[in-house]
Amino acid sequence: MDFLNAIVALANFVLIPATAYGAQLALGALGVTLIYGILRFSNFAHGDTMAFGTTVTILFTWWFQSMGVGFGPLPTALLALPFGILGCALLLLGTDRVVFRFYRAQKAVPVILVIVSMGVMFVYNGLVRFIIGVDTQRFADGERFIISARDFKSATGLDEGLALKSTQAITLVVAAIAVALLFWFLTRTRTGKSMRAFSDNEDLALLSGINPEKVVTVTWLIVAALATIAGTLYGLDKSFKPFTYFQLLLPIFAAAIVGGLGSPVGAIAGGFVIAYSEVMITYAWKKVAGYLLPESLAPDGLAQLLSTDYKFAVSFAILVVVLLFKPTGLFKGKSA
Amino acid sequence: MTQSMRAPLLFAFVAALFLLEATTQVWIFSGSWNTALGILNMALVSAVMALGVNLQWGFAGLFNVGVMGFVALGGLATVLVAMPPSPGAWAAGGYQIVLGLLLGAATIVGAILAWTRLPRGRMRTALMLAILVGGFFLYRWVFDAGVAAVEDINPAVTGNLGGLNSCGDYRACGWLTIIAWPVGGLLAAGAAWIIGKTALGLRSDYLAIATLGIAEIVIAVLKNEDWLSRGVKNVIGIPRPVPYEVDLQNDPAFVARAADLGLEPTMASTLYVKFGYALLFTAVLIVILWLAQKALASPWGRMMRAIRDNETAAEAMGKDVKARHLQIFILGSAVCGVAGAMMTTLDGQLTPGTYQPLRFTFLVWVMMIVGGSGNNYGAVLGGFLVWWLWVQVEPLGAWLAELVTGGLAEDNAFRMRIMDAVAHMRLFTMGVVMLLMLRFAPRGLLPER
Numbered sequence: 001m002d003f004l005n006a007i008v009a010l011a012n013f014v015l016i017p018a019t020a021y022g023a024q025l026a027l028g029a030l031g032v033t034l035i036y037g038i039l040r041f042s043n044f045a046h047g048d049t050m051a052f053g054t055t056v057t058i059l060f061t062w063w064f065q066s067m068g069v070g071f072g073p074l075p076t077a078l079l080a081l082p083f084g085i086l087g088c089a090l091l092l093l094g095t096d097r098v099v100f101r102f103y104r105a106q107k108a109v110p111v112i113l114v115i116v117s118m119g120v121m122f123v124y125n126g127l128v129r130f131i132i133g134v135d136t137q138r139f140a141d142g143e144r145f146i147i148s149a150r151d152f153k154s155a156t157g158l159d160e161g162l163a164l165k166s167t168q169a170i171t172l173v174v175a176a177i178a179v180a181l182l183f184w185f186l187t188r189t190r191t192g193k194s195m196r197a198f199s200d201n202e203d204l205a206l207l208s209g210i211n212p213e214k215v216v217t218v219t220w221l222i223v224a225a226l227a228t229i230a231g232t233l234y235g236l237d238k239s240f241k242p243f244t245y246f247q248l249l250l251p252i253f254a255a256a257i258v259g260g261l262g263s264p265v266g267a268i269a270g271g272f273v274i275a276y277s278e279v280m281i282t283y284a285w286k287k288v289a290g291y292l293l294p295e296s297l298a299p300d301g302l303a304q305l306l307s308t309d310y311k312f313a314v315s316f317a318i319l320v321v322v323l324l325f326k327p328t329g330l331f332k333g334k335s336a
Numbered sequence: 001m002t003q004s005m006r007a008p009l010l011f012a013f014v015a016a017l018f019l020l021e022a023t024t025q026v027w028i029f030s031g032s033w034n035t036a037l038g039i040l041n042m043a044l045v046s047a048v049m050a051l052g053v054n055l056q057w058g059f060a061g062l063f064n065v066g067v068m069g070f071v072a073l074g075g076l077a078t079v080l081v082a083m084p085p086s087p088g089a090w091a092a093g094g095y096q097i098v099l100g101l102l103l104g105a106a107t108i109v110g111a112i113l114a115w116t117r118l119p120r121g122r123m124r125t126a127l128m129l130a131i132l133v134g135g136f137f138l139y140r141w142v143f144d145a146g147v148a149a150v151e152d153i154n155p156a157v158t159g160n161l162g163g164l165n166s167c168g169d170y171r172a173c174g175w176l177t178i179i180a181w182p183v184g185g186l187l188a189a190g191a192a193w194i195i196g197k198t199a200l201g202l203r204s205d206y207l208a209i210a211t212l213g214i215a216e217i218v219i220a221v222l223k224n225e226d227w228l229s230r231g232v233k234n235v236i237g238i239p240r241p242v243p244y245e246v247d248l249q250n251d252p253a254f255v256a257r258a259a260d261l262g263l264e265p266t267m268a269s270t271l272y273v274k275f276g277y278a279l280l281f282t283a284v285l286i287v288i289l290w291l292a293q294k295a296l297a298s299p300w301g302r303m304m305r306a307i308r309d310n311e312t313a314a315e316a317m318g319k320d321v322k323a324r325h326l327q328i329f330i331l332g333s334a335v336c337g338v339a340g341a342m343m344t345t346l347d348g349q350l351t352p353g354t355y356q357p358l359r360f361t362f363l364v365w366v367m368m369i370v371g372g373s374g375n376n377y378g379a380v381l382g383g384f385l386v387w388w389l390w391v392q393v394e395p396l397g398a399w400l401a402e403l404v405t406g407g408l409a410e411d412n413a414f415r416m417r418i419m420d421a422v423a424h425m426r427l428f429t430m431g432v433v434m435l436l437m438l439r440f441a442p443r444g445l446l447p448e449r
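Chains as they are written, first to last, in the numbering used here: chain E, 1 to 336; chain P, 1 to 449.
One or more hints might be untrue.
Per the computed footprint, the stretches of chain P lying under chain E, defined by three or more beta-carbons under 8 Å from a beta-carbon of chain E, are [claimed, not checked]: (1) 201–211; (2) 218–225; (3) 345–353; (4) 358–367.
Derived pair list, reagent style SDA-like, types lysine to any residue, alpha-carbon separation capped at 20 Å [unchecked claim]: (5) LYS332/E with ARG203/P; (6) LYS332/E with SER204/P; (7) LYS241/E with THR354/P; (8) LYS326/E with ARG120/P; (9) LYS197/P with VAL322/E; (10) LYS326/E with LEU200/P; (11) LYS287/E with GLY161/E; (12) LYS241/E with ASP420/P; (13) LYS326/E with ARG122/P; (14) LYS326/E with TRP115/P.
Hints are computed from structural coordinates only; laboratory data are not their basis. Please read all numbers here as calculations on a predicted model, not as lab measurements. All C-beta atoms, glycine included, are put in the ideal place defined by N, C-alpha and C.
Here chain E stands alone, though its shape is the one from the complex:
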């Protein structure tokens, strides 16, 4: 019984939240990794791109809610998501036209593009502040739980409850659909194949008649979709605060690099590696240990390796270890 309780507690506080968080990070890291693969720079504006896409989604959600349009037990934000993606795509394509295309034509070195993306980050950050302000926004509606802790306890008779928030389930389902579509697109369609060819060897791809501007446009469209989905899911699961999205940049980059920059599979793996480590290292293991260990051995303190405020340190430490021992990441990304 104690053993079951320990497993349930572990699932409730570690496995389920970390899986949802991992899926959100993976979607974010996919966007970073795609830009790196095709446009060949680390996009510092990605966190704020996510914030912008989410802002548009939230505005449409509020509009739908005010008209009384709902999505049954599902959050209205899912209905608004396509509009958010559209808004984000328009912004990204506009930015590319006004800002990035110039440097592409110049064949600027990657680090210049990174600095340019810092400028873009400022502008997006300012835009989001203009539109929605700096405060925390909640926009989740619909059913809150699929399984609530109380129902679980009464159904199983265990001491520990297991709660599955609907946002967590939605995160996983939506992320799985998005990733499946992305991989189908990259491996099965002509455009997707040309994108991969472009990423592998630009000169060869150009020689075989691939239109680089088309590849870049499609990349931005996919990135807009991924960023908006990642941002909206994160916002539904936790809450929307522009500054938090800026801070997500670090775990997202860590995920993309750990997986291997430029490798989509790596980005997904990296997302989960970072998420699980963050949650497991900052989780207070007292409860689980209390069930598993005999009473005399049970820990006095919280048995927490690091306080939750240091979760950035966790992604950072993993990043450094991977960079030192396996600079190309787990899945052989690009490295120079």
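Model the placement of chain P on the given structure of chain E, informed by the hints.
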């Protein structure tokens, strides 16, 4: 306009902006010496920060976006040097904390030694992991008890170790804060050494992400390690190197002199204090600028630029690229640390909650890019100009909004919305300025020669 006239003219322009702010009330200018000196003081600090970033990026092409972390470490130095030690804190747990930290450091050194000295194989990995895990628990066991003891001491007022200021009345020893500036530089240099050892030699954007991470961690440490910096409870009342306004106002000689100048005592004392800071900061800025100019013109500076422009060629000429990179990374970070200590001195308090990367890292980058990377005078100019703009964007935005919506009624929804948005103009404007500069004048206002 010739190149040689460019710098004096631009500096004169910036000086005119500050003078207008001080003397006229037209347009967006407030006509107050008090405000102008306030902006000037932060501009001086910003110029020092921009010089530090310019050392790293302009001289050596190192991409450091962790400026915030070094600035915050400098601020911490002010607390550690100039605040009085909390009564009883060292006896209660201070030494234990130090012992814990030493154990932690020994663990890491031991693990590194095991990794580098032992023969390859499974034994090595196992031993290294054992050292790390065992050391971690030992460290936490010693360290946590010390922290608990220190943080228990009068948490509402101190709860931290405090600093090294052992004067009877700690406020009388304000000169200690000036000692804290180089100490802040040293702290930042130490952190930069650790980061440089691990992250330099990585590709430029990896270094950027590594420094971004370090900065976040430094802030997290300052926010959470109450025994060190009181965390989000802030350290207030840091002594200052200049007199206190109240003391000046109670000094009959000062009041008499102020009256001679036609100033009332309150205003005169505020101006006197701010002017004092401005003099101190100018002195620091001039020293650092002079050193940076000497370095740039020296063989060492030429070697740095050679490495920046072509690492492979420089390496072929026998230059130790990695060691030189480490050197200049440490120097630049130390300059940022000095600036951070100066800023905390100016504020008179350490508030870890207010360090934001956009303000303390990326804005400094905007300063350097606007001024001209690779040119020290450019970095200083950028520091002054961009800081001035950062402060004045709000009145400027309000003026623009007034111009656009002036014909509308006070309670018009559109007008109110625009007026609200003005408060968020800053970041947007900075981004646009940065993008425009990068596009149309990528070498900055004062290009590198």
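Hints, verified against the model:
1. 201–211: Our answer is that it holds, as 8 residues pass the Cβ test (under 8 Å) against chain E, meeting three.
2. 218–225: The restraint on the region 218–225 of chain P holds, since 3 of its residues have a Cβ under 8 Å from chain E and three suffice.
3. 345–353: Since three or more residues must qualify, the claim that chain E covers the region 345–353 of chain P is violated, with 0 doing so at under 8 Å.
4. 358–367: holds (count 4)
5. LYS332/E with ARG203/P: Since the Cα atoms of LYS332/E and ARG203/P sit roughly 16 Å apart, the hinted pair holds (cutoff 20 Å).
6. LYS332/E with SER204/P: Holds, at about 19 Å.
7. LYS241/E with THR354/P: It holds: about 17 Å lies between the C-alpha atoms, which stays within 20 Å.
8. LYS326/E with ARG120/P: 16 Å, holds
9. LYS197/P with VAL322/E: 15 Å, holds
10. LYS326/E with LEU200/P: Given that 20 Å is the threshold and the Cα spacing comes to 15 Å, the pair holds.
11. LYS287/E with GLY161/E: Holds - the C-alpha atoms of GLY161/E and LYS287/E are around 13 Å apart, at most 20 Å.
12. LYS241/E with ASP420/P: Measuring from Cα to Cα gives roughly 18 Å; hence the hint holds.
13. LYS326/E with ARG122/P: 17 Å, holds
14. LYS326/E with TRP115/P: 15 Å, holds
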